[in-house]
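Chains as they are written, first to last, in the numbering used here: chain A, 1 to 191; chain B, 1 to 191.
Since the hints were derived computationally from the structure, they do not count as laboratory data.
A few of these clues could be false.
You can't tell identical chains apart in this list, so a pair holds if it fits in one copy or across any two.
EDC-like, lysine to aspartate or glutamate: derived pairs with alpha carbons at most 20 Å apart [to be verified]:
hint	residue 1	residue 2
1	LYS52	GLU133
2	LYS151	GLU96
3	LYS159	ASP23
4	LYS93	GLU45
5	LYS146	ASP50
6	LYS116	GLU88
The chain contents come next:
Number of protein chains: 2
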Amino acid sequence: MQSQIVVFLCILVLGRAAIISNDCKTTQTLNERLMYDKRLIYMGEYFPLDYKIYVRYEEVLRCQNITNLINQGITVKELRYLWGIVNERVLFKIKEVLPGRHPSFGYITDLLSILKSFLPETEHQVDSEIINEVLVTLKKETETRKPVRPKALLDNCFKVFHLLYEEECRLCNPRSASEGETFCESSDCYQ
Amino acid sequence: MQSQIVVFLCILVLGRAAIISNDCKTTQTLNERLMYDKRLIYMGEYFPLDYKIYVRYEEVLRCQNITNLINQGITVKELRYLWGIVNERVLFKIKEVLPGRHPSFGYITDLLSILKSFLPETEHQVDSEIINEVLVTLKKETETRKPVRPKALLDNCFKVFHLLYEEECRLCNPRSASEGETFCESSDCYQ
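Input sequences plus hints: build the corresponding full structure.
If you want it as structure tokens, here you go:
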């Protein structure tokens, strides 16, 4: 009987490890797609220098906002959910302005499809009043919008994503001097 | 003596034919570069759908303006000069907003270099008061600008160019149903 319990516990542990590993695989794929060189070429170089997309204030989700929300007791799970919802909207907005043969169209379509596998089906897991308020505000009509460069939108997307998944999935962020982002040791990089 | 005159006249005629042919070669190269499929991909598909460039009213030179100017007695030579000046400015403006690795950068750079060989060094050949006034206005500072799609700017550039050079250089304009432009017989097409 004791050996059966040990086997059961082993299966449980291995199963959980496999789930985490699978989650991290998608996370790592997304991390790779959001790397600086790709953001630079697809969201920077392939757009006119003065081009901006009008987004809602709530759609500009920066590291500073996340830190503030953490200080207010919001859980990482809820923050990840918020990040997913906001960035799905942002990617849709970028895709909407791109003709089908624009060289960044495939990149955005690909990002959107990976992001979809991140988004849970329902919002039941969000208990926080603050996050629910942001989600409700996002759905309301508004005239107030902010012009933001497409690359700046994806820079925010990447930085917050990194903040929320780096530790759990040992994400790699090769040096990009122009971004001033932290370089992780090569031993930290996934293959 | 009579045979010497005949030889001289022959050389004169042949020389003139050679000059016209050379001029038309550049014209035909430009015509080929400005074809609908190129304008569509480089100035349409490679730009965000809602992107517009702010230009002066005088920089939007349409066939209708040319017709009006012809009715006011402006010569074709002067109109070609005006077209060249206006479109050099327009191409510069488009180039200014493009990062060096944008897929339309090479196209615009190429067009600008071909156009340069069209522009005479001085403005001495312009006698018309009306054209001189437009040229002076173009150099003045102004706050009033008009937002125009990059493709619309090159559509105007192409249509007026065709109007001014089609007959002399037997320019070809393969059918582009979406443009509603006149189709020339294949026998009219240069090789």
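message: Could you work out which of the previously given hints the structure breaks and list their numbers from low to high?
response: 1
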